Amino acid sequence: MAVLDILTYPDERLKQPSASVERFDNALQQFVADLEQTRLAGPGAVGIAAPQVGYFQRVVIIDVSKLKRPVPNHGHLILINPEITEWDGYAVGREGCLSVPDYTGNVIRAEKIHLLAYDVHGERGEFDMEGFEARAVQHELDHLDGLLFLDRLVSRRNDLFRRKVYK
Amino acid sequence: MNWFMLTLIGEDRPGIVAEVTQALFAGGCNLGEATMARLGGNFSIMLMVHATGTLEALTALVVPVAQRLGLHLHVDVIEGHLHQHLIPDTRVTVYGADRAGIVAQVSGVLMAAGFNILDLQSDVGGSSDKPVYIMTMEGQAQKGLDAIETAMADVARAGIHVDVQPIETLIG
Chain A
1 MAVLDILTYP DERLKQPSAS VERFDNALQQ FVADLEQTRL AGPGAVGIAA
51 PQVGYFQRVV IIDVSKLKRP VPNHGHLILI NPEITEWDGY AVGREGCLSV
101 PDYTGNVIRA EKIHLLAYDV HGERGEFDME GFEARAVQHE LDHLDGLLFL
151 DRLVSRRNDL FRRKVYK
Chain B
1001 MNWFMLTLIG EDRPGIVAEV TQALFAGGCN LGEATMARLG GNFSIMLMVH
1051 ATGTLEALTA LVVPVAQRLG LHLHVDVIEG HLHQHLIPDT RVTVYGADRA
1101 GIVAQVSGVL MAAGFNILDL QSDVGGSSDK PVYIMTMEGQ AQKGLDAIET
1151 AMADVARAGI HVDVQPIETL IG
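First to last, the sequence lines map onto chains A and B. Going letter by letter, the first sequence gives residues 1 to 167 in the numbering used here. Going letter by letter, the second sequence gives residues 1001 to 1172 in the numbering used here.
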């Protein structure tokens, strides 16, 4: 296993859409292991997407189960060819990115999502996600389409922060 | 190259940012971080400016445009460091009927509870006979969120509405 180099903005390759995974083989599993090593080597990253290391296939890892303040989660997930099929609600939250060091900004994301994805063995899964986990998935899936959180920034001032009680 | 903090204040009008920054660019300066706000109808901006010359040279560069726009100019030499952002972990929102001393009371309580303010915005809304004071702050809760919540509960009892929320920054 190896820690891979992270592409950082303004590297144009971060704007490149990624292709669907066709083969759930050994090479994929080895790549996922390297991608996970890379995520863990970063500063507290809860997710990473394959194009961030210059591998333009639809592969994402997320894990929001290790936060100091626990949030609803599905544990450690390897998501291959993920697709969000339903969105509900919205919330503003603070995001940063391994590919954009030393900057965090506010981004609006759907509060709840329904997600279809395959695991590393090609088994299809479905997930209902909310809050921080849903945000992490949306952030990582954007990378697969060549989008950064910088493309979705909203003002830090006068933001509408939806409080939990309105859920 | 030296870093300077350039402050400009005056009556607001369209085009100030463009004219000032074009003068700085034409004079060979680079910009760092900046914040502009319109406070009570006044234009105000603070700009980190990276320039080769002296404070006097930078001042001479900006004085003509400041005078043309009717702005007060102030320039300081600063220790400049980019890429030193602190990430806030707590947001405190306060609102209430406007009265003297809200900020002093709230910020005093927050300081004692270990809150380091990184960003503060405050505004007065409502109407002139019933003004409403609204303040949002982001910062680091150096003694933990519970300390902030406990301290602010006392403030809330004094008729000020308080909301304390953790900010969980997603890195992905």
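Worth flagging that the hints you see were computed from the coordinates, not collected in a lab. Careful, some of the hints might be misleading.
A few chain B residues that don't get close to chain A, going by computed Cβ distances all over 10 Å [unchecked claim]:
no.: 1; residue: Arg-1013
no.: 2; residue: Asn-1042
no.: 3; residue: Gly-1053
no.: 4; residue: His-1083
no.: 5; residue: Tyr-1095
no.: 6; residue: Ala-1147
no.: 7; residue: Arg-1157
no.: 8; residue: Glu-1168
no.: 9; residue: Leu-1170
In silico BS3-like cross-links for lysine-lysine, where the CA-CA straight-line distance does not exceed 27 Å [said to hold, decoys possible]:
no.: 10; chain 1: A; residue 1: Lys-66; chain 2: A; residue 2: Lys-112
no.: 11; chain 1: A; residue 1: Lys-68; chain 2: A; residue 2: Lys-112
no.: 12; chain 1: A; residue 1: Lys-66; chain 2: B; residue 2: Lys-1143
no.: 13; chain 1: B; residue 1: Lys-1130; chain 2: A; residue 2: Lys-68
no.: 14; chain 1: A; residue 1: Lys-15; chain 2: A; residue 2: Lys-112
Some chain A residues judged to face chain B by a derived CB distance under 10 Å, without partners named [unchecked claim]:
no.: 15; residue: Gly-44
no.: 16; residue: Gly-47
no.: 17; residue: Phe-56
no.: 18; residue: Arg-69
no.: 19; residue: Glu-95
no.: 20; residue: Cys-97
no.: 21; residue: Leu-98
no.: 22; residue: Ala-136
The model shown is predicted, which means the values in this text are computed figures rather than measured ones. Don't be surprised by glycine CBs; every beta carbon is placed ideally from N, CA and C.
Tested hints:
Every C-beta of chain A lies more than 10 Å from that of Arg-1013 (chain B), the closest at about 21 Å, which supports listing it as non-interface. Remark: the non-interface label on Asn-1042 (chain B) is consistent with the geometry, its nearest Cβ contact in chain A lying 16 Å away (cut-off 10 Å). Remark: the non-interface label on Gly-1053 (chain B) is consistent with the geometry, its nearest Cβ contact in chain A lying 28 Å away (cut-off 10 Å). Distance check on His-1083 (chain B): its Cβ comes as close as 5 Å (rounded) to a Cβ of chain A, failing to clear the 10 Å threshold; non-interface status is violated.
The Cβ of Tyr-1095 (chain B) sits about 13 Å from the closest Cβ of chain A, beyond the 10 Å cut-off, so the non-interface label holds. With 10 Å as the threshold on Cβ separation, the claim that Ala-1147 (chain B) sits away from chain A holds: the shortest Cβ distance comes to roughly 15 Å. No Cβ of chain A comes within 10 Å of the Cβ of Arg-1157 (chain B); the nearest lies about 20 Å off, and the non-interface call holds. For Glu-1168 (chain B), the condition that its CB be more than 10 Å from all CB atoms of chain A is violated, with the nearest at approximately 6 Å.
With a least CB separation of 5 Å from chain A, Leu-1170 (chain B) falls inside the 10 Å interface cut-off, contrary to its annotation. The straight-line distance between the Cα atoms of Lys-66 (chain A) and Lys-112 (chain A) is roughly 20 Å, inside the 27 Å bound, and the hint therefore holds. Using a Cα cut-off of 27 Å, the hinted pair Lys-68 (chain A) and Lys-112 (chain A) holds, with the two alpha carbons roughly 22 Å apart. Simply put, Lys-66 (chain A) and Lys-1143 (chain B) have alpha-carbon atoms about 21 Å apart, close enough for the 27 Å limit, and the pair holds.
Only pairs whose Cα atoms come within 27 Å are accepted, and Lys-1130 (chain B) paired with Lys-68 (chain A) is rejected, the gap being roughly 42 Å. At roughly 26 Å between alpha-carbon atoms, Lys-15 (chain A) and Lys-112 (chain A) fall within 27 Å of each other, so this suggested pair holds. Given the 10 Å rule on beta carbons, the hint for Gly-44 (chain A) holds: about 5 Å separates it from the nearest Cβ of chain B. Look at Gly-47 (chain A): its Cβ gets to within about 4 Å of chain B, closer than 10 Å, so that hint holds up.
The beta carbon of Phe-56 (chain A) comes no nearer than 17 Å to any beta carbon in chain B, farther than 10 Å, and the hint placing it at the interface is violated. At about 6 Å, the closest approach between the beta carbon of Arg-69 (chain A) and any beta carbon in chain B falls short of 10 Å, and the interface hint on this residue holds. Satisfaction of the interface hint for Glu-95 (chain A) is found here, the shortest Cβ-Cβ separation to chain B being roughly 5 Å, below the 10 Å cut-off. The beta carbon of Cys-97 (chain A) comes within 6 Å of a beta carbon in chain B, closer than 10 Å, and the hint placing it at the interface holds.
Nearest Cβ of chain B to the Cβ of Leu-98 (chain A): about 7 Å, under the 10 Å cut. The hint holds. Interface restraint check: Ala-136 (chain A) against chain B, minimum CB-CB distance 6 Å, threshold 10 Å, status holds.
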